[in-house]
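Let the hints inform the model, and build the full structure from the sequences given.
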Amino acid sequence: MEALLYLIPIAIGLGVVGLTAFFWTLRSGQYEDPKGDAARILHSEDKPIVDADDV
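So for the sequence shown, my numbering puts the first residue at 788; every next one is plus one.
FYI, nobody ran anything at the bench for these hints, they're computed from the structure. In this text, a Cβ means the ideal position worked out from N, Cα and C, and glycines have one as well. It cannot be assumed that every hint is accurate.
[Stated by the list, open to error] Computed beta-carbon distance windows for the label pairs:
no.	residue 1	residue 2	range
1	G802	I828	57 to 65 Å
2	S815	I795	26 to 34 Å
3	I797	K834	47 to 55 Å
4	A790	L829	44 to 52 Å
5	G802	K822	25 to 33 Å
6	L792	D824	42 to 50 Å
7	G823	L792	43 to 51 Å
8	Y793	S815	28 to 36 Å
9	L791	E832	25 to 33 Å
10	A825	L801	48 to 56 Å
Given below as structure tokens:
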């Protein structure tokens with residue numbers, strides 16, 4: 788029972804930190820364009836890697 792005196796405030800504190808981080812990401816626009824991010828992954832403009840043997 789004595790452990791609950793420590794665990795409950797820690798759990799509430801972590802929950803508040805998590806909610807604060809979530810609302811911060813909402814306000815900063817992290818979730819504005821999820822479909823655009825998915826499309827950018829598929830259309831990468833990276834150059835192909837060339838092996839040293841092929842040069």
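These are the hints, each one checked on the structure:
Range check, G802 to I828: Cβ separation about 32 Å, and the 57 to 65 Å hint is violated. Checking the proposed 26 to 34 Å range against S815 and I795 shows it holds: the Cβ atoms sit about 31 Å from each other. The given range of 47 to 55 Å is respected by I797 and K834, whose C-beta atoms sit roughly 49 Å from each other. Hint check: A790 to L829, Cβ distance near 49 Å, so the stated range 44 to 52 Å holds.
Taking the beta carbon of each, G802 and K822 are about 30 Å apart, inside 25 to 33 Å as hinted. Restraint check, L792 to D824: a C-beta distance of roughly 44 Å satisfies the suggested window 42 to 50 Å. Distance hint check: the CB atoms of G823 and L792 are about 48 Å apart, consistent with the given range 43 to 51 Å. Between Y793 and S815 the beta carbon distance is about 33 Å. The supplied range of 28 to 36 Å therefore holds.
For L791 and E832, the hinted distance range of 25 to 33 Å is not satisfied, since their beta carbons lie about 55 Å from each other. In this structure the hint that A825 and L801 lie 48 to 56 Å apart at CB is violated, the actual value being about 30 Å.
Violated hints, in rising order: 1, 9, 10; the structure is consistent with all others.
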